[in-house]
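J.: Given next are the chains, with one letter for each unit.
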Amino acid sequence: MNNPHETTNRLSSMSLNFEGCVIAAREGETVATALLAAKAGYTGTSQVSGRRRSPYCLTGICFECLVEVNGHANQRACMVRVRKNMTIRRQNRLPSLHLKGRET
Amino acid sequence: MSSDVIVIGAGPAGMTAAIQAAEFGLSVLVLDEQPAPGGQRFRDIEMAERQAKRNGGVLDKDDAHGALIARRFRESGVTYLAQASVWDVAADPLEVSYLHQGSSFSVRPEAVVVATGALERPVPIPGWMLPGVMTAGAAQLMLKTSGRIPEGRVALLGCGPLLLLAAKQLLAAGADVVALLQTTALVDLLRAAPYLPSAFLAPKVLLQGLRLLGRTTGINGVASLQGARILGKDSVTGVEYTVGGRTAALNCDVVLLHFGVVPNTQITQLVRADHVWNDRQLCWQPVTDVWQETSIPNVMVAGDGRGIFGADAAGISGRLSVLNIAYRRGAIPEATKDRIARDLRGKHERLARARAFMDIAYRPPASFLRPNADVILCRCEEVLGRDIQAAVANGASGMRRLKAHTRAGMGVCRGQMCSMATSAILSEQLGAELGRLEPASVRPPLRPLTAGQLASTKHYGD
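Protein chains in written order, with this note's numbering: chain A, 1 to 104; chain B, 1001 to 1462.
Looking at chain B on its own, in the form it has when it is part of the complex (with noise of 0.2 Å):
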């Protein structure tokens, strides 16, 4: 097997470039840890249609937009993995190892394309590994993927679009949504509201925004949240929530977490690219040129994974990002790349300054960007805010110093749910601007491999 490119993941982004890519002939594998094509935006999307199909019903315009996709995608002529983990990018030379159907492999490409997207925004909150609390993108998933509700009184937390979306979606499915509470104040929407103008330049983003704000209005909603605390023993019982200086409790059995999204940059990481701190996003993000190469020769990235602008910019993202590796194979004529670039990069952007005004109005408040000191911030390893700041005082002074002190982030989940946590309160107890530190260093394998796995990868192309 050898391939011009190698594209990590088959969401908006990872399915628009296999799709722009073999279009130019180029030879193109797509490694996905998903059972089927369409991301977290649409995933399941074949089955959703289906389904809409069996039932006499449609998609909505942009599922069915998904859908379209999900279906070009089978039938560009890529070689699609499913279910297949990267757990290895390796940068000189440029070598993708992965896990599928139980083995290792090694693909050597001319390219790779990381269109990893992006995940939930992990904050800490005391009680926040209890069972019974999930983030609201994951029922949102349950929704799509079994058509389920959580069981129960359900309270959702935090801020961003997603979460007054989950809201709706799950009353309209008959969830028990007892509370919506929202760190969001009214100073946040007046301090984005010089950015409203931008926001006309993508009428269907302000209108999906505005749609949002009216159909909440039915449930029990809490606006400037300053604190919250989850409930519970053995599971989740209930929320304490501190409002204009006054606390209060509800009693839930689910509470579903929401804080924005980052992007994913766990691979970019690991190959060592530059990273920059996007500090209206408040997240790590790969520095790339214009198209969309990270200072890692060849390596790529399109999508979410390059700063948050959603699907339908995740769509143009993935065309964009294969178009000088099919100039440098030789597939396209320099011409024909500026001409196609031209036009994308246009509605790319107006994408883009779209977003400017959710970015400021649903900014996450810094009181639980910095969580407290009980609070355990790295779930696999158990580490709290405290524990933080006592290796802080024997001398951790950055984030790899911090993981042999504490071990936060050297569980399973690699640092995903953690680093950014960590990071916040070393740079509190340094007393540097969040961003100002390093991130924590990623280093491979990125998902458990046995001993006997590594040792038997199969090598492509050598």
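Isolated chain A, as found in the complex (with noise of 0.2 Å):
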């Protein structure tokens, strides 16, 4: 049978910064298949608790994987196709609404 998704003929790779560290990525890929391959082990935070996260189920729906992109805030992993040099970073779920100082 004929595997559709055969890996070795994939015109690949680009690399990405995520977190200060170069990635690999393949050409057409997404963000989030990326950082899973990478083992990333999270790609951001609860707001609630801090709780790691990671992608689940990359068809846009869960925003489980939102990462900032090039600077982008709340960026679905799973949306955002692979870009050469992109610079990815992990986030809080939600940006924390939390002002510096406001404790003072």
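These are computed hints drawn from the structure, not numbers from a lab.
Quantities reported herein were computed from a predicted structural model and do not represent experimental measurements.
Some hints could be false.
Stated by the list, open to error - Cβ pair distances, simulated, as ranges:
| hint | chain 1 | residue 1 | chain 2 | residue 2 | range |
| --- | --- | --- | --- | --- | --- |
| 1 | A | Asn85 | B | Val1290 | 25 to 35 Å |
| 2 | A | Asn85 | B | Ser1002 | 36 to 46 Å |
| 3 | B | Asn1251 | A | Gly20 | 29 to 39 Å |
| 4 | A | Asn17 | B | Ala1393 | 25 to 35 Å |
| 5 | A | Gly20 | B | Trp1277 | 44 to 54 Å |
| 6 | A | Asn17 | B | Glu1075 | 33 to 43 Å |
| 7 | A | Arg51 | B | Gly1221 | 30 to 40 Å |
| 8 | B | Ser1295 | A | His72 | 30 to 40 Å |
| 9 | A | Ser15 | B | Asn1055 | 17 to 27 Å |
| 10 | A | Thr45 | B | Ala1249 | 19 to 29 Å |
| 11 | B | Arg1436 | A | Gly20 | 29 to 39 Å |
| 12 | B | Lys1458 | A | Ala73 | 40 to 50 Å |
| 13 | A | Asn17 | B | Gly1221 | 16 to 26 Å |
| 14 | A | Thr87 | B | Asn1055 | 46 to 56 Å |
For every residue, glycine included, the Cβ atom is placed at its ideal position computed from N, Cα and C.
Could you use the hints to bring the two separately framed chains together as a complex?
T.: If you want it as structure tokens, here you go:
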């Protein structure tokens, strides 16, 4: 049987910057699958408990994979295709509305 | 930009709806969130086809058909916006608002075809938010779009044809599949047996099902699963599960959950179309007439968003959904409309009837549909089952009040992941059957947008 997902001849590869580290990505894939393959461990934290979260549905429904892409927050990693030299950072699922110095 | 019809979604139903509408001479705008046409079933199908050609191979028959639809869609002359996220649909006057390349736009079409398909039924079990847990569909999409398999030991858990298919595909691709834990029991298959004759109406569906059963025999399988808990602190370390009253555990690094698929009713709920509970598929679906029009005039639904019948039926449903739109616009005479409809409905009916066997055989068990008190239901706001129980004790008597009490469903996913489970617990607490309570209301924006984007929304066709 032919495997349409055959990986060997796939046009690869490019590098992304994730949390200051260089990771490899394949042309045509999304940021989410690149991060999963790079064993990123987690892609963000819950805004309620701070617990680690990672991509869950890969269809844009669950919003678990929100990351910062090239400085833009709240990007669903599963909906963004990789591009050369993208810079990706983990984020608290919703950036905190907490203002610095508010407690003082 | 003016459009006779806006099609939301470019899966099998959306693509065929758009192609058919364009053939009738209507102006069509297609909005889809993905970077390429195909929907989930044919995700990145154009890339797969290019890849296959480069490797000197061919796509299987179903995928080749999907690639053909995508090609005809590209050549149909419709305006197609990829990576466009609809954030609102208003009913009167009909207006669709969407985000595209960082800006917001609003368009007033004559009609809308909602072709947003299905989503995997979210079933909360303890530990389902841990890194390492994904849906089986997600693993399948990962394989399709990146050629990658999940790293480490993989356990699949749940029920349904897609669970079996994912297991088979992952094994073939070299994944370390250590267990297939199914809730499906012999009694489910016996209960479904009376529906088997109808399955012969669409032998292709039946054969696909039988083939799935055959190919998963090599995996360490467990059936009749009664309960499960995913273990781990920062990520998955294993699964603990209950079968026949006895508890066992296994070690693994990845858990893939799947409990069938349900219609994505976010947009039809948003426009407040009438919905009805489907007792066989255990989900809400919009009420539609023979032309697939909802209770909101000129809002049609095509494909799995109307009830789960699969990709082949979705392709037919897409074509059906634009017939009355074309007729009302004067693009086709009534006789043409009726003739095409008769042919398409016959085909759709056969596929739909064949589906009953699978619906009954692969129903998720009640024990999974009503999660325990200590399970996080709402992943966004981390609301537990017991928070729902406490809210009901404090007077929350419907989904709206439950939201106010607990924040369940108020997170960024807009309740898509939790509303079925929260309403199941609410029903249980109130002594109501599943599907008797009003579903949670859906409000805009469906996708996060900034105040700046909202304020600078560009309006077309005012």
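J.: Each hint needs a verdict: does it hold in this structure or not?
T.: Verification of the hints:
With their beta carbons about 53 Å apart, asparagine 85(A) and valine 1290(B) fall outside the hinted range of 25 to 35 Å. The given range of 36 to 46 Å is respected by asparagine 85(A) and serine 1002(B), whose C-beta atoms sit roughly 40 Å from each other. Checked against the hint of 29 to 39 Å, the C-beta distance between asparagine 1251(B) and glycine 20(A) comes to roughly 32 Å, which is consistent with it. Asparagine 17(A) and alanine 1393(B) have their C-beta atoms about 50 Å apart, which leaves the hinted 25 to 35 Å range violated.
Checked against the hint of 44 to 54 Å, the C-beta distance between glycine 20(A) and tryptophan 1277(B) comes to roughly 50 Å, which is consistent with it. In this structure the hint that asparagine 17(A) and glutamate 1075(B) lie 33 to 43 Å apart at CB holds, the actual value being about 39 Å. Range check, arginine 51(A) to glycine 1221(B): about 32 Å between beta-carbon atoms, so the 30 to 40 Å window is met. The supplied range of 30 to 40 Å is met by serine 1295(B) and histidine 72(A), whose beta-carbon atoms lie about 39 Å from each other.
At about 25 Å, the CB distance of serine 15(A) to asparagine 1055(B) agrees with the hint of 17 to 27 Å. Restraint check, threonine 45(A) to alanine 1249(B): a C-beta distance of roughly 27 Å satisfies the suggested window 19 to 29 Å. Checked against the hint of 29 to 39 Å, the pair arginine 1436(B) and glycine 20(A) fails, with Cβ atoms roughly 53 Å apart. Against the hinted window of 40 to 50 Å, the Cβ-Cβ separation of lysine 1458(B) and alanine 73(A) comes to about 23 Å, which falls outside the hint.
A hinted range of 16 to 26 Å is violated for the C-beta pair asparagine 17(A) and glycine 1221(B), which are about 42 Å apart. Look at threonine 87(A) against asparagine 1055(B): about 33 Å separates their beta carbons, and that is not inside 46 to 56 Å.
Of the numbered hints stated above, those contradicted by the structure are hints 1, 4, 11, 12, 13, 14, listed in ascending order.
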